[in-house]
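Asks: Guided by the hints, dock chain U onto chain B, whose structure is given.
There are 2 protein chains.
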Amino acid sequence: MKLTKQDVVARFLPATLAEGAQAEAFAPSNIALCKYWGKRDKELNLPINSSLSVSLAHLGSRTRITPSDDGADHVLLNGEEQPLDSKFAGKVIAFVELFRRELDQPLTIDTHNNIPTAAGLASSASGFAALMLALDKFYDLALEPQLLSAFARMGSGSASRSIYQGFVEWQMGHREDGMDSYAMPLEQSWPELRVGLLKVATGEKKVDSRAGMQRTVETAHLYQSWPLQAAADLEKLTDAIVRRDFELLGSTAEQNALSMHATMIASWPPLLYWQPDSVAAMHQVWQLRADGLPLYFTMDAGPNLKLLFSAEHQQAVCDAFEQLEVVAPFSG
Amino acid sequence: MKLTKQDVVARFLPATLAEGAQAEAFAPSNIALCKYWGKRDKELNLPINSSLSVSLAHLGSRTRITPSDDGADHVLLNGEEQPLDSKFAGKVIAFVELFRRELDQPLTIDTHNNIPTAAGLASSASGFAALMLALDKFYDLALEPQLLSAFARMGSGSASRSIYQGFVEWQMGHREDGMDSYAMPLEQSWPELRVGLLKVATGEKKVDSRAGMQRTVETAHLYQSWPLQAAADLEKLTDAIVRRDFELLGSTAEQNALSMHATMIASWPPLLYWQPDSVAAMHQVWQLRADGLPLYFTMDAGPNLKLLFSAEHQQAVCDAFEQLEVVAPFSG
Chain B
-7 MKLTKQDVVA RFLPATLAEG AQAEAFAPSN IALCKYWGKR DKELNLPINS
43 SLSVSLAHLG SRTRITPSDD GADHVLLNGE EQPLDSKFAG KVIAFVELFR
93 RELDQPLTID THNNIPTAAG LASSASGFAA LMLALDKFYD LALEPQLLSA
143 FARMGSGSAS RSIYQGFVEW QMGHREDGMD SYAMPLEQSW PELRVGLLKV
193 ATGEKKVDSR AGMQRTVETA HLYQSWPLQA AADLEKLTDA IVRRDFELLG
243 STAEQNALSM HATMIASWPP LLYWQPDSVA AMHQVWQLRA DGLPLYFTMD
293 AGPNLKLLFS AEHQQAVCDA FEQLEVVAPF SG
Chain U
-7 MKLTKQDVVA RFLPATLAEG AQAEAFAPSN IALCKYWGKR DKELNLPINS
43 SLSVSLAHLG SRTRITPSDD GADHVLLNGE EQPLDSKFAG KVIAFVELFR
93 RELDQPLTID THNNIPTAAG LASSASGFAA LMLALDKFYD LALEPQLLSA
143 FARMGSGSAS RSIYQGFVEW QMGHREDGMD SYAMPLEQSW PELRVGLLKV
193 ATGEKKVDSR AGMQRTVETA HLYQSWPLQA AADLEKLTDA IVRRDFELLG
243 STAEQNALSM HATMIASWPP LLYWQPDSVA AMHQVWQLRA DGLPLYFTMD
293 AGPNLKLLFS AEHQQAVCDA FEQLEVVAPF SG
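So the protein sequences, as listed, match chains B and U. Under the working numbering, the residues of the first sequence are numbered -7 to 324, in order. Under the working numbering, the residues of the second sequence are numbered -7 to 324, in order.
Same shape as in the complex, but just chain B (with noise of 0.2 Å):
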């Protein structure tokens, strides 16, 4: 029989909790630069391949939990209440659940994201690990960093590597349980990198990444060679970070991207994240690339581009695109 995230969570926590007051934590969005795409476990969000990514620093999510006076739960998102038939107050408080059982302390789980919801800047990833982080506090729980991270993949596999800021590791894990399969940090910081996030569209995507990756996995002929391919560019990502190669990052960054992206594209039914803008914006940095700018870009599941550059070719990077948002990862 499948283990449920309910069996596993519970092996690591009391028989009961007791009622907590008030907690607040904030997690970063990531930006990864070897993909997560393919589930070895859908239950538990456990992935084909391991994965690697940076935090964006103050970008992400601040999620505030405090008992509801009402005798009912009340789930917000950037200060608006969600309905709890909702799919996001659903998937919130499914994930609170695993934490508060048989505990009856109804609660107001209240998130705030600095960064556009559902159009490929990853809020599920910083919203989990900021929940798993406030309940964390909340319950007094102090759970290791891996638990944490392994709780929070149960929420979004992506959420992860939000536990952490700096360049991260998600190393996929064997076990059936999926408790080695969790984020770490890397030692190494990069002063100078810099994240460009381009936005092609905000809108709410068709397809969600969940359902995009299980479609993928199941329709897409060349995604057997994905598993192989994303182990190798973690290595030369891992290489790149250590060595401070630019060039080696961002190559590597980018042929992972569209790889991901091609697996999609070979799905069916056909799976495109790309608006007309997105393959505009792809051919500029191929041009500024080919005019000496050393400039790459990396995307997840939507149609927006995330730029990756080096902090003395900032000015240059702006002047090509204008309203980018600029993040500096290791500023702080």
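By construction, these hints were calculated from the structure, which means they are not laboratory data. A hint or two may mislead.
Copies of one chain are not kept apart here, so a pair can be met inside one copy or by any two copies together.
List of simulated lysine to any residue pairs, SDA-like, C-alpha gap at most 20 Å [to be verified]: (1) Lys191 - Asp269; (2) Lys198 - Gly284; (3) Lys83 - Phe18; (4) Lys198 - Ala13; (5) Lys197 - Arg281; (6) Lys34 - Gly188; (7) Lys228 - Leu316.
Keep in mind the model is a prediction, meaning the values are calculated, not measured.
Replies: Chain U alone, transformed into the frame defined by chain B:
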């Protein structure tokens, strides 16, 4: 030692040929429903996978060969003389030399394409097929269709299929000399089938198909899964043609084309033939299909879409896409 084109062709020709007087031949362009992508032998244009196409009836190349009266070869394309050191003339003369050899007869090779050159509409396929057919007449060779196809393949791989009208299958073959790698027409016709040529851009490509497929084979991890997919798609297409199952034909052709593009996108440097307008057209096709119109597309190594639909839906398709050039491959 690797076999050269000269070695292979010479085996099937008399030691010397008689001078010719004049000859003219037409060959259709063809649209692959299962694409040729990747070579196992670059000299002989031997493919890694078998492919299947439909020829475009009246659209193609007409080539006329006449003796030149000023002692030098001349190559004309659409009425304009091409310098002998140009890429185009170089390829044409190199192909002619496979047959002319020691014969001291300068020629004028005059080709007219009624399709845009080098814009993903495979003018090299119809061009080399027409040249092969014209050479066969000019030198009075009376070669079997399989030989004409195999020799045309040495000029441009997909030219092997442009020897015929209708549905054509190019068997990859296994022999080192490639003489089992030729195309044969399928017996089935499909009078209601329509191909709509949607021109997104008509400029010369920065990376031609030959260089594109080489880059893909050498750098795209995902290419490893391509040969098996192509084999599976070819079987589905043959089945669709025998049963006149349009949805199976269209969906298989579209996924095959997108998978080929996916292998390019996963290459390094990335190879994206799509323009913003290509992506806009793709989304439009998917929307129309979601709205109930049985419409699919295929794309070659270029930005243009080739729409696939049935005669009964021609008006609806033409209403959606202005300036569509519609071809009825089995009309005459």
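Asks: Which hints from the list above does the structure break, by number from lowest to highest?
Replies: 4, 6 and 7
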